[in-house]
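A.B. asks: Okay, here's what each chain looks like letter by letter:
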Amino acid sequence: MPPSRRKPAGLNPLDLDAIPLAPVVLVKGSEGYFVDAVTDHLLALAKQRDPEVEVTRIDAAAYQPHQLDVITSPSLFEERRHVVVDGVDAASDAFITDGLAYLEQLDSEVGEVSMVLRHTKGVRGKKLLDAIAAAGLPVVQCDPLKRDTEKVDFVSARFRAAGRRASADAVRGLVEALGSDLRELAAGVQQLIDDTTGAITPDVVQRYHGGRVEATGFRVADTAIAGDGAAAVTLLRHALSTGSDPVPLVAALAMKLRTLAKVAATRGRGGASAADLGLAPWQIDRARRELSGWTPEGLAAAITAVADADAEVKGESREPQFAVERAVLRVAGARAGR
Amino acid sequence: MTSLWDAVVGQDEVVATLAAAAARPESMTHAWLITGPPGSGRSVAARAFAAALQAPDDPEGTSHEARTAFNGTHSDVTVHVTERLIITIDEARTLVQTAYRTPGQGRWRVIIIEDADRIAERTSNVLLKAIEEPPPRTVWLLCAPSPMDMLPTIRSRCRQINLRVPEPQAVADLLVRRDGVEPALALECARAAQSHIGVAGRLARNPGARAYRQRVLAIPSRIRGVGDAVLAAGELVEEATEQSKVATAERDAEERVELMRNLGVTEGEKLPPSLRSQLRQLEDDQKRRARRALLDTIDRALVDLLSYYRDVLVVQVGSDVSLINTAVEERIREMAADSTPEQSLRRMQAIGRTRARFDEYGTVAPLLAIESLFIALRPQG
Chain A
2 MPPSRRKPAG
12 LNPLDLDAIP
22 LAPVVLVKGS
32 EGYFVDAVTD
42 HLLALAKQRD
52 PEVEVTRIDA
62 AAYQPHQLDV
72 ITSPSLFEER
82 RHVVVDGVDA
92 ASDAFITDGL
102 AYLEQLDSEV
112 GEVSMVLRHT
122 KGVRGKKLLD
132 AIAAAGLPVV
142 QCDPLKRDTE
152 KVDFVSARFR
162 AAGRRASADA
172 VRGLVEALGS
182 DLRELAAGVQ
192 QLIDDTTGAI
202 TPDVVQRYHG
212 GRVEATGFRV
222 ADTAIAGDGA
232 AAVTLLRHAL
242 STGSDPVPLV
252 AALAMKLRTL
262 AKVAATRGRG
272 GASAADLGLA
282 PWQIDRARRE
292 LSGWTPEGLA
302 AAITAVADAD
312 AEVKGESREP
322 QFAVERAVLR
332 VAGARAGR
Chain B
16 MTSLWDAVVG
26 QDEVVATLAA
36 AAARPESMTH
46 AWLITGPPGS
56 GRSVAARAFA
66 AALQAPDDPE
76 GTSHEARTAF
86 NGTHSDVTVH
96 VTERLIITID
106 EARTLVQTAY
116 RTPGQGRWRV
126 IIIEDADRIA
136 ERTSNVLLKA
146 IEEPPPRTVW
156 LLCAPSPMDM
166 LPTIRSRCRQ
176 INLRVPEPQA
186 VADLLVRRDG
196 VEPALALECA
206 RAAQSHIGVA
216 GRLARNPGAR
226 AYRQRVLAIP
236 SRIRGVGDAV
246 LAAGELVEEA
256 TEQSKVATAE
266 RDAEERVELM
276 RNLGVTEGEK
286 LPPSLRSQLR
296 QLEDDQKRRA
306 RRALLDTIDR
316 ALVDLLSYYR
326 DVLVVQVGSD
336 VSLINTAVEE
346 RIREMAADST
356 PEQSLRRMQA
366 IGRTRARFDE
376 YGTVAPLLAI
386 ESLFIALRPQ
396 G
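In order, the protein sequence lines correspond to chains A and B.
Each residue of the first sequence is one higher than the one before, starting from 2 at the first, in our numbering.
Each residue of the second sequence is one higher than the one before, starting from 16 at the first, in our numbering.
If we strip away everything but chain A, and leave its shape as in the complex, we get (with noise of 0.2 Å):
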């Protein structure tokens, strides 16, 4: 083993200066833009400390024995080497034997070689990627943006690091654009950047991007319990001509209006918890919000309508589509009618 430099573990890719060539770093997570981003970077830093460096990769599914060895084995001129190691997640066991063998042997500086081992998914190799943790070498956690707010500060750094300046309106104009896929949204900054002069405005992610809206069955629910039964439809078309499904958004409608019946029901009484419900307290603080304005009535309406629907799209109706259609405005009708 060699000496362990203790880093704090899991690296963030968003900050890439941070992350150093090392003689293994272990790129991991289910972003795919960010493990790209991250291995692009510790390329460009092993070009940059020898510009004559062999650059190798393989594919860790259709890992041999001792290829490990082969490629690594040091050499007469002492030339660098730099391995990107593919699909790590799906490694065959020879690569998960020789991997272990190979950081038994590490020195902790970079020497003639340094590594990188793509783990995208799941938690194959386990034994191997606790190891590298172990002996303190770089991990750098690849984890998928969840919440616009994060999607919003990537854009932010993004622009500020080109040293653009962009409103907080058009940032988020972008997100809601392009916001489903990181590498997309990534796309859509990189093309502002380049295309366009001066400051981003909200009118200059229009023109680019304008009328594009990514709509989830979840933001579609949201805005029809809102009450907003035109804006719902709109999101709801954008939803079905980008390619989902109707049953998801009716399942979807479903579990919102769910949310808002269960904790209607505990609101009077104020005796069962959270933890009675099922629910997560931010779950109970947003449906407390948007009960205003329902009454059981309207809820009785809504659920009724949607579990039409829900027949409706698995075979009771002809047109799926147009089942959630009126489902959606039942459901916004149904709080705005009281």
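Don't take each hint at face value.
To be clear about the criterion: a stretch of chain A counts as covered by chain B if any three or more of its residues have a C-beta under 8 Å from a C-beta of chain B, and this derived list gives those stretches [unchecked claim]:
(1) 253-267
(2) 299-312
Simulated crosslink set (DSBU-like; lysine-lysine; CA at most 35 Å straight-line) [what the hints assert, rightly or not]:
(3) A:K147 - A:K128
(4) A:K122 - A:K147
(5) A:K127 - B:K260
(6) A:K122 - B:K285
(7) B:K260 - B:K285
(8) B:K260 - A:K315
(9) B:K302 - A:K315
(10) B:K302 - B:K260
(11) A:K128 - B:K144
(12) A:K48 - A:K127
(13) B:K302 - B:K144
(14) A:K122 - B:K260
(15) A:K315 - B:K144
(16) A:K147 - A:K315
(17) A:K122 - A:K48
(18) A:K48 - A:K147
(19) B:K260 - A:K147
(20) A:K122 - A:K315
(21) B:K285 - A:K147
(22) B:K260 - A:K128
(23) A:K128 - A:K48
(24) B:K302 - A:K128
(25) A:K147 - A:K127
(26) A:K147 - B:K144
(27) B:K302 - A:K122
(28) B:K144 - A:K127
(29) B:K285 - B:K302
(30) A:K127 - B:K302
FRET-style restraints, in silico, Cβ to Cβ [as the list claims (entries may be wrong)]:
(31) B:S292 - A:E151: 15 to 21 Å
(32) A:A162 - B:T103: 57 to 63 Å
(33) B:T109 - A:A62: 44 to 50 Å
(34) A:T243 - B:S289: 34 to 40 Å
(35) A:R319 - B:D311: 25 to 31 Å
Hints were generated in silico from the structure; no laboratory data involved.
By construction, the Cβ of each residue, glycine as well, lies at the ideal position given by its N, Cα and C atoms.
Could you slot chain B onto chain A? The hints should help.
C.D. replies: Quick look at chain B alone, frame taken from chain A:
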């Protein structure tokens, strides 16, 4: 005197017809369609008939031949039981192949299809020829809730036998005789099960099932508003899921071990990728079975609820028909006083609609469907 027909409860005419057919070749037919409401003993009648066919000289049904035929382990008796939502075309083809084999030791080759209503239309066509003109010593016994469940082409090729709903007392007698249940409890269970022999037996033997039924029957008086409805729906579906899981989990694990053994994979060893598809297929089958178990459990609860509102309606219109749920008579009378017959009918209609939806579109979300049903059950003007 015991007889092999004892298990067929309260169906004297049917027993006479079948016994005569088994005894006299001239009253025999090559295909029978045994219909009757669920739990009236369709499959039991079919099995008893199979036993009578294989062992004509043994009216008591104690011989090896008769017993194995009744249990479905006789080599010339094929009992097809499905645990899925439909009988697949491959299964049907296998049955047809079996039908063309000469009986090995018995007198007849008997093929019993329980739940023949689960045969899809295209699959029915595979069976047509084999049912119309089977080899001389082959008998088809199809069981279905109603003749209307079968295609006319199948119906017309079969001799129809119709079972009726047995009297609760007859079912209770069977429970007392067969399972040694207390007569009073047996009668209560037989009533609660509406003479469904299988359900009555389960209720009588299993205190957990009785408790579950009590909880289901408590639901109507619990639902005062929308919130209660949603909460009660959540509980009901959760409990049904739990129950169906208990019913299937053990078998799932066993089948998995069995498959692994057949594939030559030892315990704890990693499954080679080339064999994974087989495991996946097993898991898919198990998932389908679990789904059906869940829907069956929910449907049983819905039937119980239906019986409850039926009782309410009986009280409201002042009919002198006996109640099904005698144990909760007080609550039923309360609800009858609190609501109108129109409401009761609307509620029963809502239950019927939900059941039909489950039946027809097997993929509807159970929780959502039950929620909207319970909302429809809430007191409203």
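A.B. asks: Hint by hint, note whether the structure agrees.
C.D. replies: Tested hints:
no.: 1; hint: 253-267; in the structure: holds (count 7)
no.: 2; hint: 299-312; in the structure: holds (count 9)
no.: 3; hint: A:K147 - A:K128; in the structure: holds (28 Å)
no.: 4; hint: A:K122 - A:K147; in the structure: holds (16 Å)
no.: 5; hint: A:K127 - B:K260; in the structure: holds (31 Å)
no.: 6; hint: A:K122 - B:K285; in the structure: holds (19 Å)
no.: 7; hint: B:K260 - B:K285; in the structure: holds (26 Å)
no.: 8; hint: B:K260 - A:K315; in the structure: holds (25 Å)
no.: 9; hint: B:K302 - A:K315; in the structure: holds (19 Å)
no.: 10; hint: B:K302 - B:K260; in the structure: holds (10 Å)
no.: 11; hint: A:K128 - B:K144; in the structure: violated (61 Å)
no.: 12; hint: A:K48 - A:K127; in the structure: holds (30 Å)
no.: 13; hint: B:K302 - B:K144; in the structure: holds (33 Å)
no.: 14; hint: A:K122 - B:K260; in the structure: holds (30 Å)
no.: 15; hint: A:K315 - B:K144; in the structure: holds (34 Å)
no.: 16; hint: A:K147 - A:K315; in the structure: holds (30 Å)
no.: 17; hint: A:K122 - A:K48; in the structure: holds (28 Å)
no.: 18; hint: A:K48 - A:K147; in the structure: holds (33 Å)
no.: 19; hint: B:K260 - A:K147; in the structure: holds (33 Å)
no.: 20; hint: A:K122 - A:K315; in the structure: holds (32 Å)
no.: 21; hint: B:K285 - A:K147; in the structure: holds (34 Å)
no.: 22; hint: B:K260 - A:K128; in the structure: holds (34 Å)
no.: 23; hint: A:K128 - A:K48; in the structure: holds (30 Å)
no.: 24; hint: B:K302 - A:K128; in the structure: holds (32 Å)
no.: 25; hint: A:K147 - A:K127; in the structure: holds (25 Å)
no.: 26; hint: A:K147 - B:K144; in the structure: violated (59 Å)
no.: 27; hint: B:K302 - A:K122; in the structure: holds (25 Å)
no.: 28; hint: B:K144 - A:K127; in the structure: violated (58 Å)
no.: 29; hint: B:K285 - B:K302; in the structure: holds (22 Å)
no.: 30; hint: A:K127 - B:K302; in the structure: holds (29 Å)
no.: 31; hint: B:S292 - A:E151: 15 to 21 Å; in the structure: violated (39 Å)
no.: 32; hint: A:A162 - B:T103: 57 to 63 Å; in the structure: holds (59 Å)
no.: 33; hint: B:T109 - A:A62: 44 to 50 Å; in the structure: violated (39 Å)
no.: 34; hint: A:T243 - B:S289: 34 to 40 Å; in the structure: holds (38 Å)
no.: 35; hint: A:R319 - B:D311: 25 to 31 Å; in the structure: holds (29 Å)
The structure fails to meet hints 11, 26, 28, 31 and 33 from the earlier list, while all remaining hints are met.
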